[in-house]
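Asker: Please work from the sequences and hints to get the whole structure.
In case you want the letters, here they are:
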Amino acid sequence: MSLHEFWDFLVLGVVLGSIYAVIAIGYTLVYGVLQLINFAHSEVFMLGAYGGVLALTAVEPGSNPSALGSVAYVALGIGAGAALGALTAFGLERAAYRPLRRHGAPRLIFLITAIGASFFLFNLAGKLFGRDPTSVPEMYDNNTVATVFGAQLKTTQVLLLASAVVMMVGLDLIVHRTKLGAGIRAVSQDAEVASLMGVDIDKVVSRTFVIGGLLGGAAGFLYGNFVSQVKFDMGFIPGITAFAAAVVGGIGNIRGAMLGGLMLGIVETLTVPLFGDEWRNVGAFVVLILVLMFRPTGILGERVGRTA
Amino acid sequence: MFKKTIVKLAAPVAVGALALGLTACGDDGGDSASGGDSYKIAFQGPLSGDNVALGQNMERGVKLALKEAEAKGDLGFKVEYLAVDDQGDPAKATAAAQKAIDDKSVMALVGPAFSGPTNSAAPLLGRAGLTAISPSATNPTLTEGHKYATFLRGVPNDNAQGAGMATYYAKKLKAKKVYLLDDKTDYGVGLATVAEQGLKDAGIEVVKKSVPQKTPDYSATAKDVVNSKADALIYAGYYQDLAPFSKKLKEAGYTGAGISGDGSNDMKFVELAGDAAENWYLTCPCTDASVEQATKDFAANYQKEYNVAPGTYSAEAYDLTNMVLEQMKGLGKGKVDRKALYTALSKATYKGLTKEFSFDENGEFGGTDIYLYQVKAGKIAYQGNINELAGS
Numbered sequence: 001m002s003l004h005e006f007w008d009f010l011v012l013g014v015v016l017g018s019i020y021a022v023i024a025i026g027y028t029l030v031y032g033v034l035q036l037i038n039f040a041h042s043e044v045f046m047l048g049a050y051g052g053v054l055a056l057t058a059v060e061p062g063s064n065p066s067a068l069g070s071v072a073y074v075a076l077g078i079g080a081g082a083a084l085g086a087l088t089a090f091g092l093e094r095a096a097y098r099p100l101r102r103h104g105a106p107r108l109i110f111l112i113t114a115i116g117a118s119f120f121l122f123n124l125a126g127k128l129f130g131r132d133p134t135s136v137p138e139m140y141d142n143n144t145v146a147t148v149f150g151a152q153l154k155t156t157q158v159l160l161l162a163s164a165v166v167m168m169v170g171l172d173l174i175v176h177r178t179k180l181g182a183g184i185r186a187v188s189q190d191a192e193v194a195s196l197m198g199v200d201i202d203k204v205v206s207r208t209f210v211i212g213g214l215l216g217g218a219a220g221f222l223y224g225n226f227v228s229q230v231k232f233d234m235g236f237i238p239g240i241t242a243f244a245a246a247v248v249g250g251i252g253n254i255r256g257a258m259l260g261g262l263m264l265g266i267v268e269t270l271t272v273p274l275f276g277d278e279w280r281n282v283g284a285f286v287v288l289i290l291v292l293m294f295r296p297t298g299i300l301g302e303r304v305g306r307t308a
Numbered sequence: 001m002f003k004k005t006i007v008k009l010a011a012p013v014a015v016g017a018l019a020l021g022l023t024a025c026g027d028d029g030g031d032s033a034s035g036g037d038s039y040k041i042a043f044q045g046p047l048s049g050d051n052v053a054l055g056q057n058m059e060r061g062v063k064l065a066l067k068e069a070e071a072k073g074d075l076g077f078k079v080e081y082l083a084v085d086d087q088g089d090p091a092k093a094t095a096a097a098q099k100a101i102d103d104k105s106v107m108a109l110v111g112p113a114f115s116g117p118t119n120s121a122a123p124l125l126g127r128a129g130l131t132a133i134s135p136s137a138t139n140p141t142l143t144e145g146h147k148y149a150t151f152l153r154g155v156p157n158d159n160a161q162g163a164g165m166a167t168y169y170a171k172k173l174k175a176k177k178v179y180l181l182d183d184k185t186d187y188g189v190g191l192a193t194v195a196e197q198g199l200k201d202a203g204i205e206v207v208k209k210s211v212p213q214k215t216p217d218y219s220a221t222a223k224d225v226v227n228s229k230a231d232a233l234i235y236a237g238y239y240q241d242l243a244p245f246s247k248k249l250k251e252a253g254y255t256g257a258g259i260s261g262d263g264s265n266d267m268k269f270v271e272l273a274g275d276a277a278e279n280w281y282l283t284c285p286c287t288d289a290s291v292e293q294a295t296k297d298f299a300a301n302y303q304k305e306y307n308v309a310p311g312t313y314s315a316e317a318y319d320l321t322n323m324v325l326e327q328m329k330g331l332g333k334g335k336v337d338r339k340a341l342y343t344a345l346s347k348a349t350y351k352g353l354t355k356e357f358s359f360d361e362n363g364e365f366g367g368t369d370i371y372l373y374q375v376k377a378g379k380i381a382y383q384g385n386i387n388e389l390a391g392s
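These protein sequence lines are chains A and B, in that order. Under full-length UniProt numbering, the residue at position 117 of the first sequence is numbered 117, and the numbers go up by one with no gaps. Under full-length UniProt numbering, the residue at position 340 of the second sequence is numbered 340, and the numbers go up by one with no gaps.
Hints listed in this document are in silico derivations from the structure and should not be mistaken for laboratory results. Hints are not guaranteed to be accurate.
Some but not every residue of chain A turned toward chain B, in silico, with C-beta under 8 Å [unchecked claim]: (1) 12; (2) 16; (3) 227; (4) 269; (5) 273.
Think of the CB as a built atom: it goes at the ideal place given N, C-alpha and C, for glycine as much as any other residue.
Answerer: Here it is in C-alpha cells:
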C-alpha cells in the first residue's frame, strides 16, 4: 500500500468511523443510565434511515437541485431521520423497558426484551417498507470538494463528517454543561443516590433514550445516504460494529464510544486494501479483542460519570 | 441484533431434523399419483426476501404457462400451481423443497432458481424422485457426475457465461487488466472461477477479490478497484449488491468497463443504482423476450397478464413449464407419476420459444449460447449473442 493509497483509505475510514461513533453513543448512553445493552438500537438506526428517505421521497428532489435546495434536502432528511429515531427510542423505552423497571425485572429479562424488540421492529419495517432495498434520492451533485494529501473528499464524505462532528460536540456539551447532562451523569454514577438527591430517574432515562434516538436516527439517514440505499435489515451490521465500538472505548463512556467508533471504522477500512474485503470484520474484531486483553474496561474505562 | 446469530444456530438444527425425517420416510416419494386427474407443478425460488424480483420473473412465466394450458384444455387433467419460497437462501431451501415433496400431487418442480439453494435442496428432491428442472441455476458443478438424481438444467451453465465475458473483454474491448470480484455465493464463485480462467488464457492480467454478499459499504472496495488501475471489471454476484457497488465506483471515479452476469440482469439494478448503472454490460444465457421475434407474442401476453414486461428468465421458465406439461400429456391421464415424468423429461427434446431444450446424461443443458445486454439511458438494452458480437 503506497502512501497515497493510505490517505485514500484513511479518509474513507474516518468517514465510516464517525458514523459508527454516533451510533455507539446511543448504546453507551443507555448503558450508562440503565446498565442495559439496548440491542434494539440498531432498529432505531434503521427506522431513522427510512424516516429520512420517506420524507425526502415525499418532497421529491429533482435531479439537479440548487445549492440552497441541496442543503434544505439534507437538513430535511437528517431532521426526519432524527425525529423518527427519537420517537422509536422513546416508544421503546415506554413500551418495553419501563414496565420491566417498575417490576424490578432481572437483567437477563431486559436483554431478552431488547432482542425481542429488535426482531419485532425490523420485521415490522420489512412488512411496511418491503424487503427490497429502497434507494436514497439524490440530494446534491456528488463532486470532489477538497483534496487531502492526494485523497479526494467528496460532498457525501464532507457532509457525513461534518454532521457527525457537530452531533458529537453537541452531545458532549449537553452531557457536561446542562442540567439534563448533570442528571444523566448522576444517574449513571449511582441511580439510588441520584434519586435521593431529587433527580427524577424516569425522566432522565426517558430523555436519555430520546437523545440516543435522535443521534441514532440521524446517523441512520446519513449512513443510508452513504451506502445509497436503505433496507429493513440494514441496522444489523453497523449496529453490532457500533456496539463493539462502545465496548472498545469503555461502555458507558461517551468519549470512549466516539474514539472506539472512529478506531473500528479506520481499522475496518484499512483491512480492505491490505487483506481484502472479506477480512474487514476480522480486522475490526481482532482489534476489539486486543484492546480488551490489555484494558478489560475499554480504552477510556467505564461509566459516563468518570469522563473528563 | 442477535438475529443472524440465532438464525445461524437454528439452521443446522432445523436441517438436521429435516434430514432425520427424510431418512425415516426416504423412499415413499417416488411413485404416487393422486387420484389421476389433478396434478401440480411447483416453482421454487426467491418469492420473498432479497432478490425477490428474480424469483417473480420466473414464477410469472410458470403461472402464465399453466393458465394458457388450462384455457386450451387439451391435457385431459388439471394442473395446479404450488409456490415454494426459498428466499434464495441455501439454509431455507431444504425446508422449502420439502413442502413440494410432501405434497404428493406435485409431479415436477421448476427451479430452484439459484445455485446455492439448488445445492442444498437437490439431494432431497433427488431422493424423493421429484424432478427439479431449473431455468436459471447456472453453477457448473451442479451437474457434475450426475450427483443430483433428478436435477435437469434448462440453461447453459456459467462455464459458458464466464467464458463469454472473458471472450468479450479479450477480443472486443481489448482489456489489459481486469478486476474480478465475486460475492462468495455458489453462483458468484463459480462464475468468477470460469471467467478468471478464460481471461488468463487470453493473456489478460487478473486481480481477483471477494466481497461477501450483503456487505453494506462498498466504498473501500471501489477505491481498491480504482487504485488497481484495472481498465475493466467483472462483478460475479446479484443486483442487490451490484447497485450500491456501482454507485461507489462512480463516486470513486472509476471510468473503465463493467460487466456482470444474469444475477444482476434485472431492472431493479437500474432502479437502485440510477445513473451509476449506465453503460454496465450484463450477460445472460437468456434472450430478451420483448425483442426476439419468437417470443414477441409471449411478451405481449405476459404484459397483458401482469402489466410489466417479462424479466430475466420469464420466457425460459414459461418454456420449461410447457415442456413439463407436454411430457405429462404424453404420459396421459392417470399415468403421470414422479419417476415416469423424470425419465420422460430427461430424454425429451422440446423446441421452446427461447431455445431448444434437451439434456445430456448428467442432466446438463445441451447448448452454450450467451447473450449480451447493456444499460443505456436507464434501460437494459439487448445487444445479441456475445460470441458473435466479440467476432469469434
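Asker: Take the hints in turn and mark each one as holding or not.
Answerer: Evaluation of the provided hints:
| no. | hint | verdict |
| --- | --- | --- |
| 1 | 12 | 5 Å, holds |
| 2 | 16 | 6 Å, holds |
| 3 | 227 | 5 Å, holds |
| 4 | 269 | 5 Å, holds |
| 5 | 273 | 5 Å, holds |
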